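**Q** Full structure from sequences and hints, please.
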Amino acid sequence: MARCIELAKNGLGTTYPNPLVGSVIVHDGRIIGEGWHRKAGEPHAEVNAINSVKDPSLLRKSTIYVSLEPCSHFGKTPPCSDLIIDKGIPEIVIGTVDPNEKVAGKGIAKLEADVRKVTVGVLENQCHELNKRFFTFHTKKRPYIILKWAETADGFIAPLQKSKREPVWITNEYSRQLVHKWRSEEQAILVGTQTVVDDNPTLDVRDWKGENPVRIVLDQNKRISKESHIFGNQSKTIVYADAIDFSKDVALQLSGQMHADGIHSVIVEGGRRTIETFLSENLWDEARVFKGNKIFGNGVPAPSMPHLQAEKKIILDDELLIFYNHD
Numbered sequence: 172m173a174r175c176i177e178l179a180k181n182g183l184g185t186t187y188p189n190p191l192v193g194s195v196i197v198h199d200g201r202i203i204g205e206g207w208h209r210k211a212g213e214p215h216a217e218v219n220a221i222n223s224v225k226d227p228s229l230l231r232k233s234t235i236y237v238s239l240e241p242c243s244h245f246g247k248t249p250p251c252s253d254l255i256i257d258k259g260i261p262e263i264v265i266g267t268v269d270p271n272e273k274v275a276g277k278g279i280a281k282l283e284a285d286v287r288k289v290t291v292g293v294l295e296n297q298c299h300e301l302n303k304r305f306f307t308f309h310t311k312k313r314p315y316i317i318l319k320w321a322e323t324a325d326g327f328i329a330p331l332q333k334s335k336r337e338p339v340w341i342t343n344e345y346s347r348q349l350v351h352k353w354r355s356e357e358q359a360i361l362v363g364t365q366t367v368v369d370d371n372p373t374l375d376v377r378d379w380k381g382e383n384p385v386r387i388v389l390d391q392n393k394r395i396s397k398e399s400h401i402f403g404n405q406s407k408t409i410v411y412a413d414a415i416d417f418s419k420d421v422a423l424q425l426s427g428q429m430h431a432d433g434i435h436s437v438i439v440e441g442g443r444r445t446i447e448t449f450l451s452e453n454l455w456d457e458a459r460v461f462k463g464n465k466i467f468g469n470g471v472p473a474p475s476m477p478h479l480q481a482e483k484k485i486i487l488d489d490e491l492l493i494f495y496n497h498d
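Everything in the sequence shown is counted per the numbering used here, starting at 172 for the first residue and increasing by one.
No lab work stands behind these hints: they were computed from the structure. The hints are all genuine.
FRET-style restraints, in silico, Cβ to Cβ:
hint	residue 1	residue 2	range
1	His198	Ile409	46 to 52 Å
2	Ala284	Thr408	44 to 50 Å
3	Asn222	Ser451	45 to 51 Å
4	Trp340	Lys419	30 to 36 Å
5	Lys465	Phe402	29 to 35 Å
6	Glu177	Glu337	37 to 43 Å
7	Gly403	Glu447	26 to 32 Å
8	Glu177	Ser418	44 to 50 Å
9	His244	Asn392	42 to 48 Å
Computed list of lysine-lysine pairs in BS3-like fashion (alpha-carbon distance at most 30 Å, straight line):
hint	residue 1	residue 2
10	Lys335	Lys462
11	Lys303	Lys483
12	Lys281	Lys258
13	Lys419	Lys303
14	Lys311	Lys180
15	Lys258	Lys288
16	Lys380	Lys397
17	Lys393	Lys335
18	Lys303	Lys210
Source: prediction; values computed, not measured. By construction, the Cβ of each residue, glycine as well, lies at the ideal position given by its N, Cα and C atoms.
**A** Put into structure tokens, the structure is as follows:
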């Protein structure tokens, strides 16, 4: 199962809206096949694992391991539980049950009804962590929310005044490249109006190889110019304006709207007001905070984080703090 999890991680950023899934087939104590789900619409992990077996006759005497319950419904691909039954695989070991109501135990029930030996809950916590985005989307009815910002050594995220409509960098180039890697792993990125007006960001992954995230922008008073970079053709852009009542529970409304739009995960990159909206409503899962060594003297204060234990990393002269909201 540990190998299933390892394989599944290869699909991070490319399987949305599907989960990350890995599968391994074992015969007589030896791995004879393995695979993972690469992209929505393409074969699932179990299919790739089965197709990788050089001697298909061994399948009837093998065990298939899969990190998430095999699907039992027809979507863009046929049910994996049907394929397992058709190939005569007698034993199935599953990491965790699929929370999607289209599956949610039905795949397990189908396999057991065909008198297969089914074991569920192997490395369950690790399998759940693997698909924390997918589980959050289906159980909490919102995306997995990551807050991200960079602040100076004296606690500011931006200067009070700027001469150009472009970002003012606080961190080093390696930290910025890491942020682009993160963007390639999440389905969407969200910023407020002022960030677009002040910085004119592109919100893409130009410093990393991968898929550009969906860009989500708040524009309460329709102040954003259609010439802004966020309307470029690098990726899809969603603008939330009239659909949100900005006088109350903005983060809650945004979370519900993103869920309705099929967004499984989002990085909230700014500005301060937007980030603090999610913090104040306690609607966040991770906060990734860079601390650079620059001094502004004055400026826009950094968001105020709750007093939580942070995981700390050093990236040359930058410090990265990662907070987890276990509430």
